[in-house]
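**Q** Protein chains in written order, with our numbering: chain A, 1 to 397; chain B, 1 to 397; chain C, 1 to 358; chain D, 1 to 358.
It should be emphasised that the hints constitute simulated quantities derived from the structure, not laboratory data. Backbone N, C-alpha and C define an ideal beta-carbon position, used for all residues, glycine too. Heads up, some of the hints might be wrong.
[Unchecked claim] Listed next, with one range per pair, are the computed distances between beta-carbon atoms:
hint: 1; chain 1: B; residue 1: Glu-333; chain 2: A; residue 2: Glu-371; range: 18 to 28 Å
hint: 2; chain 1: A; residue 1: Glu-255; chain 2: D; residue 2: Met-203; range: 52 to 62 Å
hint: 3; chain 1: D; residue 1: His-300; chain 2: A; residue 2: Gly-17; range: 16 to 26 Å
hint: 4; chain 1: B; residue 1: Arg-239; chain 2: A; residue 2: Asn-267; range: 24 to 34 Å
hint: 5; chain 1: B; residue 1: Asp-265; chain 2: A; residue 2: Glu-329; range: 54 to 64 Å
hint: 6; chain 1: C; residue 1: Ala-102; chain 2: B; residue 2: Asp-229; range: 40 to 50 Å
Here is what each chain is made of, one letter per residue.
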Amino acid sequence: MSEKKRETPLLDELEKGPWPSFVTELKKSAETPVIQDLLGQLERSYEEHLGHWKHGGIVGVMGYGGGVIGRYSDLPEEFPNIAHFHTMRVNQPAGWFYTSDALRKIADIWEARGSGITNMHGSTGDIILLGTTTDQLEPIFSELTNIGFDLGGSGSDMRTPSACCGPARCEWACYDTLAAVYDFTQTYQDELHRPAFPYKYKLKFAGCPNDCVASVARADMSFIGTWKDEIQMDADQVRQYAASGRIDIQKDVCERCPTQCMSWDGNNLAIDNGECVKCMHCINVMPKALRPGKERGCTILIGSKAPIMGGALLSSVFVPFIEMEPPYEDIKELINAIWDLWGEHGKNRERVGEFIQRVGLGNFLEQIGLEPVPEMIAYPRTNPYIFFGEELHEKQA
Amino acid sequence: MSEKKRETPLLDELEKGPWPSFVTELKKSAETPVIQDLLGQLERSYEEHLGHWKHGGIVGVMGYGGGVIGRYSDLPEEFPNIAHFHTMRVNQPAGWFYTSDALRKIADIWEARGSGITNMHGSTGDIILLGTTTDQLEPIFSELTNIGFDLGGSGSDMRTPSACCGPARCEWACYDTLAAVYDFTQTYQDELHRPAFPYKYKLKFAGCPNDCVASVARADMSFIGTWKDEIQMDADQVRQYAASGRIDIQKDVCERCPTQCMSWDGNNLAIDNGECVKCMHCINVMPKALRPGKERGCTILIGSKAPIMGGALLSSVFVPFIEMEPPYEDIKELINAIWDLWGEHGKNRERVGEFIQRVGLGNFLEQIGLEPVPEMIAYPRTNPYIFFGEELHEKQA
Amino acid sequence: MSASPRKTDIGPPHYEQFLPPVIKKNYGKWLYHENPRPGVLVHVAESGDKLYSVRAATPRILNVKSIRLFADLADKYCGGHLRFTSRNNVEFLLTDESKIDALIQELHALGYPVGGTGNAISAIVHTQGWVHCHSAATDASGVVKSLMDELYPHFVNMHLPAKLRIAFACCLNMCGAVHCSDIAILGVHTRVPDVDHVNLPKMCELPTLIASCPTGAIRPATVNGAQSIHIEEHLCMYCGNCFTVCPAVKINNAKTDGLSIWVGGKVSNARTEPKFSKLVIPFLPNTPPRWPETVEAVKHLVEVYAANARKYERMSEWVERIGWPRFFKLTGLPFTKYHIDDFTHAGETYKRSAQLKH
Amino acid sequence: MSASPRKTDIGPPHYEQFLPPVIKKNYGKWLYHENPRPGVLVHVAESGDKLYSVRAATPRILNVKSIRLFADLADKYCGGHLRFTSRNNVEFLLTDESKIDALIQELHALGYPVGGTGNAISAIVHTQGWVHCHSAATDASGVVKSLMDELYPHFVNMHLPAKLRIAFACCLNMCGAVHCSDIAILGVHTRVPDVDHVNLPKMCELPTLIASCPTGAIRPATVNGAQSIHIEEHLCMYCGNCFTVCPAVKINNAKTDGLSIWVGGKVSNARTEPKFSKLVIPFLPNTPPRWPETVEAVKHLVEVYAANARKYERMSEWVERIGWPRFFKLTGLPFTKYHIDDFTHAGETYKRSAQLKH
Ligand code: SRM
Ligand code: SRM
Ligand code: SRM
Ligand code: SRM
Ligand code: SF4
Ligand code: SF4
Ligand code: SF4
Ligand code: SF4
Ligand code: SF4
Ligand code: SF4
Ligand code: SF4
Ligand code: SF4
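So that you can see chain A by itself, here it is in the shape it has in the complex:
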């Protein structure tokens, strides 16, 4: 069956149009039986409006619990070459920087032992090698490690951390996102490869509040760069922006500042930095004139996730400001404290953000030994249902 080329009239429709076509990508290996079956099953899904994959037994490489997603066709007779079609998640280099050489090596391994199809990248950040058989997993793994790559996370483990390009390619990086993501990834190799948590735990590193890795929405722990002191200003450049006519400093900058802490008299821009909430807008609009301050670090937020099961969450402030200096001891102590507490008391498939809401942020902080500060909340409680506990009157006494 996998001999003759399959007809894919529906998929062929998706080769038309200006946007690069994934069908074309698949067909670039049309000669292989695997891709023939993949195209065939996909065409079938397009006809029936139904997927044809199922998950079966957990598969993986020796000694790891994560990094491989087992996939099986539910039409193995018709599409024998994708009866097994597992995904391997390969931990991307920090900031997704590559050399042509490194990419070619990965390509060679994957062409020889897998479908030759990838995702660059998966939405957690990994290199996704899409489709191989169980017997190939070990060989691929050893060849990958030989060229210096390792698997990423899956299941209830620490997931592959990711970072924005940061100081490598961005003038706004308030800390070294690449150094940080590399350090934390290496430190937690065991937690990354061997699922032992109640559920997944994701880390994302963004160099500034623009949050170019969507850490506030998609990471159990979000490291967002920020600063403490004054925004650095080049007054001449401000005037040049004004002169250029491309932006109206009053309307486009001052009036869009969330705290209204800027004023423009037509010649001088004044910023009341004490009121600035480091939103980045003014800097974004005038990159030549304004830059983040010099006292830099990051805000650590905790708990974001997709809807399953209690509803989606954005991360919430956990450490308002901390300097990001290797070896990041204080942060690692916090992470370990969280993992211990959540690991012991978290329910199966309960993300840390949901765990915190269940036990209460106040109790959570107390358990991991962090002082509550008002930066952690949007506003204090409005309901009078306060669990004082015994301490209250002990305190009084």
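We have chain A; now place chains B, C and D with the ligands onto it with these hints.
**A** Chains B, C and D with the ligands alone, transformed into the frame defined by chain A:
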């Protein structure tokens, strides 16, 4: 015991100072045994930091279930004259307007048959006659009805509605709050006097969005006056306010407008009325220059309440805009529909605001036959947990 | 009187009979108002007629003798017409401007100061307390009196940035609308109620009692043979709702009852939307007859607000502009875990962005 | 190769070896950037050095043959250096400005258009769909391809008021983080799953399965003798979480699966805080290969936004300025009960003020 005057050293402290003293009010009847015991028990509470009232059997007047709050001292031996000390709630006249004559009549009745102590008024709005015995309830009731007064609500009934002074004394009233509160109170006398609901149901009528009766926070149904067309403006008066120097129209008015829909060029004030959310601020600041528009009516909101038990609620938009013309048929139909639904499906002691949240606003509207409109929500759902039900695909088909 | 046949369901008297002629004539035809001095409002009608309202404080607890005093003043100055406000002040309705001073003097002499209008602190909406209620964690009238003695200057003047609404409630039922006030004082119980197992079976319905607990802390239990309840201590937050439905579950506690302070609530739609008050002081001791700690705390909050808020900025609007971290800095109030919500919608109150002042 | 001893836990290669010399030299010393034309960024360092980044679209599904093409281009133009972005575009890193045009021409010729920078629509973050996932309600890559063919002009130009981020996820697990995007397309199941009672006992753990339901719709039940489950239809909102933990509970349904559209989410802290996307179109039919209804709907939303939003105003900021009622008017989308939240925090989404435009 009630012969000799009681010592009240602690309460006496509260006769000092510029603010009128409730202790002084009590002592104005110091000669009566009832007040002697009331002062005595209260002094005792001040010594012990403990109240000494208990609720006992339901008491009331014949044929009514509401209007009287039964109270009993838990120290009847020591304070026999307040062993029974029930409160009678008397339905206030709309807007709390009185004549000296009417007040004297109430005073006479209450002095003769009760403690002589009142609250003008209770926080639902009633005249509170504070403290009498069970045997006096009927005589007091008949004397009150003879002078044209009736009892208010208590328990799981419609509570005494209240209204701001409205058109009687305020230039901003967008509908006749006094006519409305009187009409609804009379229409629902049975529901007011004979508790038959799952819990209390309060109505409050405010003539404009300033909401001087706190209806949005304290009424199961909040009638807040508003308008549809342009704010009426007297341009000269605007200039006079500017000239007076007492307010800075740009800073104090335009910049404080929640929708930023006003602009001031130093001579003319322009309002983009389509963007105005009728917040009243500009009108409040310049009452001589600005007035609500001419197409007037009210926004009906539903469901506010104190914390017990699911947490406090503010009322939410139920009817974005409706004219308030007697006999208010459409509104009464809605109220009856709500009472039927809530009456049948509401849990014991579940306020309508909590009921709506439990069954879902969408289902609630469907049941009472009101179309959902986006004005009812702050924003659409953010979670994907949509109960489509069968209709969806029937619709498709 | 009581000879005449029994009347029921007559409802309140019609308001019209209580309106002064100037109101009847200009009903719904008022043009604008001014606030010439504290406690005095003048409303001007399209007809040119003027109505003067003189607002005086009351303790809300009024002896009928005082009501008669008000009646006499109304006869003397207002053709017998007066009203009360939604915050329990009394308002005398005059047409003759020249009589205002005399009226004000008499009111002050009688101990009912005139004020509360404009950007002032008006009367404190409050509740029954130890004077009449069974679930009061503290007294209402005493706390209010102690507070207003100190805040008096803000009642007889109009120097604040905006209206400042204060409310008091003696228990979590919140009969005074403390849940939406600029500053709110709330009596709180802080200990798990004591169950009177002897009387409970006689006095209360178990299902209602069990259903009354917002956190489901009440479990049925057999205590020395009889059907009673057990309260899971760690689930109880002392709301007292069980006591409301069952007197045998005693919530009042002389040692541990106290007061809490809340700020930043609002009812009007002016500028910003209505909002709830937020907890700022979880617990203050119950110290009659003058509650000095509570009075100091509220006075301090008023002063910090008055010193820092902008013109026309309500307490909530000021706090939202500066942010809660700054609020706790400026007031010097400690921030504790009690301030962090842990009820149903707690997660909605966490700060879910990196927009911070450092 | 595989002869060498087995290595584990080595982690990813160190990033430094992949950085081009200009980056190594100016690491952390960038001064500012400019966006001279769509898809081209120039970053200027304190040293005066310049780094040019040329951003090209990919389908994210890349054949290794295409990866080699990119490698060749990197060798030819960038000394072998390239990177990918957090939205799955590829970026070529040049120091020689004069080579940019040639590179762009080659990329276009190969079918990888250059753009996506500045106030544009960049690549759509998306997921596996029918290409590899088991719970997909629809395909991912096909919908994304169909959308981007239409939105292409917004990728190669920078004419929008602000960045417009689009995301796609094929089921409620939302791997594509659609919960915080300007426009999000979400595959939805709309029917209660079919339970395969025969295989369920073999395949699944009952406690885990029962616990997996967010609404507690799953009850244990004995079906023809064997332990299985029963799903309370009225409690099921088709999230598919039961299927995630138990393949015997089949959520996929060819007839009733479809797509929904969400708008107004945001991640950055710029101006306004991050926020969730909101439902605007509850259901669109699943119509491969080109999903015309979905493409039309998204295009329409982009057009209405582009025509009405102010400069630097993200979708969410625009909607919040005009208000949701106006949004539904301008877009002509019907507002239904499905739009009204009825999950845990539903009450927080009701409009609790009288601030309305009439
Ligand atoms: C491959 C990937 C999508 C993609 O095409 O890029 C993916 C694919 C799957 N995700 Fe995901 N998730 C992927 C990123 C995400 C993200 C985005 C992110 O990480 O930034 C999210 C949302 C953020 C979050 O973590 O909440 C995400 C939220 C989920 C969830 C819901 C988790 C939750 O708490 O709500 C599930 C369900 C589960 O965990 O059982 C899930 C489950 C799955 C499973 C394993 C399906 C399953 O039930 O077993 C999918 C395997 C598909 C396959 O056949 O390969 N995936 N998943 C992404 C991982 C690639 C990589 O490693 O780089
Ligand atoms: C007298 C009054 C307070 C006052 O001093 O003014 C009052 C007094 C009581 N209220 Fe109230 N409530 C009074 C206005 C309110 C208000 C304010 C309002 O109506 O604008 C509220 C908040 C708004 C609301 O309705 O939610 C209020 C919310 C409660 C609650 C909580 C209801 C809830 O759903 O959260 C309870 C508890 C209950 O109903 O069991 C309650 C219960 C009570 C009881 C009956 C105590 C009880 O458990 O039986 C109090 C009787 C005190 C006594 O001994 O006389 N009272 N109660 C007010 C009625 C006077 C009048 O008729 O004018
Ligand atoms: C008499 C009274 C209505 C009644 O029928 O009893 C009343 C009367 C007026 N109110 Fe009010 N308000 C009255 C309670 C309220 C309440 C309810 C409450 O306090 O519980 C509110 C909502 C408070 C809140 O938001 O928490 C209220 C919010 C306002 C506002 C909006 C203030 C703001 O900026 O938020 C205005 C407009 C203004 O003051 O500029 C206003 C304005 C007015 C005006 C100027 C209306 C007018 O043109 O006549 C009246 C004189 C105000 C003054 O005192 O300076 N009235 N007003 C109430 C007097 C209470 C008292 O004795 O002090
Ligand atoms: C390359 C990349 C980071 C990376 O390591 O991969 C990146 C790079 C830059 N981002 Fe970003 N952002 C990148 C993803 C993001 C994301 C994440 C996402 O889209 O999932 C966000 C959050 C989006 C959101 O809020 O939903 C993001 C929000 C921003 C913003 C804030 C925009 C706003 O007004 O909200 C800026 C500032 C601006 O654009 O003025 C920004 C600005 C920038 C600058 C100008 C920073 C700089 O000085 O170099 C870079 C060029 C932007 C451009 O494309 O014009 N970047 N940026 C990502 C490119 C994705 C792509 O291929 O299109
Ligand atoms: S998050 Fe900030 S530092 Fe990182 S790439 Fe984006 S703008 Fe630059
Ligand atoms: S960074 Fe944001 S908050 Fe700070 S000054 Fe600039 S615009 Fe204002
Ligand atoms: S609510 Fe409006 S109409 Fe009524 S008194 Fe207050 S300001 Fe006047
Ligand atoms: S009423 Fe409020 S919203 Fe309308 S124009 Fe005046 S200030 Fe603006
Ligand atoms: S607040 Fe509580 S204690 Fe005070 S009157 Fe109301 S119910 Fe009684
Ligand atoms: S006090 Fe409140 S929380 Fe405690 S048991 Fe009683 S009802 Fe439950
Ligand atoms: S969104 Fe759902 S269907 Fe799509 S990849 Fe993620 S889990 Fe699979
Ligand atoms: S689809 Fe979701 S809601 Fe329905 S039974 Fe399964 S888990 Fe529960």
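**Q** Tell me the numbers of any earlier hints that the structure contravenes, in ascending order.
**A** 1
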